[in-house]
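Per my numbering, the very first residue in the sequence shown carries number 693; after that it's consecutive.
The hints are simulated quantities; they were obtained by calculation from the structure and are not laboratory data. All values derive from a computational prediction rather than experimental measurement. Accuracy of the hints is not assured; some may be wrong.
Unchecked claim - Mimicking DSS-like on lysine-lysine, the simulated pairs with C-alpha atoms at most 30 Å apart in a straight line are:
1) Lys-752 <-> Lys-707
2) Lys-752 <-> Lys-736
3) Lys-752 <-> Lys-713
Unchecked claim - Using C-beta positions, here's what the derived DEER-type ranges look like:
4) Ser-798 <-> Ser-704: 31 to 41 Å
5) Pro-720 <-> Val-700: 32 to 42 Å
6) Asp-795 <-> Ser-697: 32 to 42 Å
7) Asn-744 <-> Asp-800: 33 to 43 Å
A virtual CB, placed ideally from N, CA and C, is assigned to each residue, including glycine.
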Amino acid sequence: MVKRSGVVESFSRNKVVSGVKKACQGRPVTDDQLALLAQQVEEKLRSSGVSNVSSDEVGKAILPFLRDLDEIAYLRFASVYHAFNSLDDFEEAIDALRSRTQDIDSQDSHEVKSSGEGVKGEVGAKKTSSKGTGGKTPPEKNDTAKKTTPSTGASKRRRSRKAKPQAETLLDA
693 MVKRSGVVES FSRNKVVSGV KKACQGRPVT DDQLALLAQQ VEEKLRSSGV
743 SNVSSDEVGK AILPFLRDLD EIAYLRFASV YHAFNSLDDF EEAIDALRSR
793 TQDIDSQDSH EVKSSGEGVK GEVGAKKTSS KGTGGKTPPE KNDTAKKTTP
843 STGASKRRRS RKAKPQAETL LDA
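Model the full structure from these sequences, guided by the hints.
Encoded structure:
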């Protein structure tokens, strides 16, 4: 692994676990799940065929596995990794998660209809999926409306465009 400083060190599952554990504080995530996540990250990086990967690439490899494990921990990790500067950044990430969850629910619903499953009397019974929702049933579509604040009259919201520091602090704990 190549750190931003240029120092090369061997990949450490323990560092991945340590960094992700911070994002998982207070969440229903076990040490075994964290160990599996670190293993999956290592396998993904090794399968790329690149012998030296940057710490940035390690962070990118963590994100999809953490998203599937626990969405709140994912948002915490992503907010540091992507250096969220505003509530808009969180809103965009949450909207992407909701969209993904709705896509999964739509696919599951289609599979149920195709297979003819369902309870007698229920047309197009919907199967719920907890994948990617931290083990919780995702909110219904009508609960996902954005909450807005009163307009200040500005035609566009402005976001700070500062350089985004990386999540080395999470990865190098």
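(request) Verify the proposed pairing of Lys-752 with Lys-707, using a straight-line Cα cut of 30 Å. (result) holds, 15 Å
(request) For the pair supplied as a hint, Lys-752 and Lys-736, confirm whether the alpha-carbon distance does not exceed 30 Å. (result) holds, 11 Å
(message) Against the range 33 to 43 Å, how does the distance between the Cβ atoms of Asn-744 and Asp-800 compare: consistent or not?
(response) Since the Cβ atoms of Asn-744 and Asp-800 sit about 40 Å apart, the hinted range of 33 to 43 Å holds.
(request) Go ahead and decide if the range 31 to 41 Å is satisfied by the Cβ distance of Ser-798 to Ser-704. (result) holds, 39 Å
(message) Next pair to validate is Lys-752 with Lys-713; report whether the Cα-Cα distance is within 30 Å.
(response) Roughly 16 Å separates the two Cα atoms, so the pair holds.
(message) If I claimed the Cβ atoms of Pro-720 and Val-700 lie 32 to 42 Å apart, would that claim hold in this structure?
(response) holds, 36 Å
(message) Does the beta carbon distance between Asp-795 and Ser-697 stay inside 32 to 42 Å, or does it fall outside?
(response) holds, 39 Å
The structure fails none of the hints (numbered hints given earlier).
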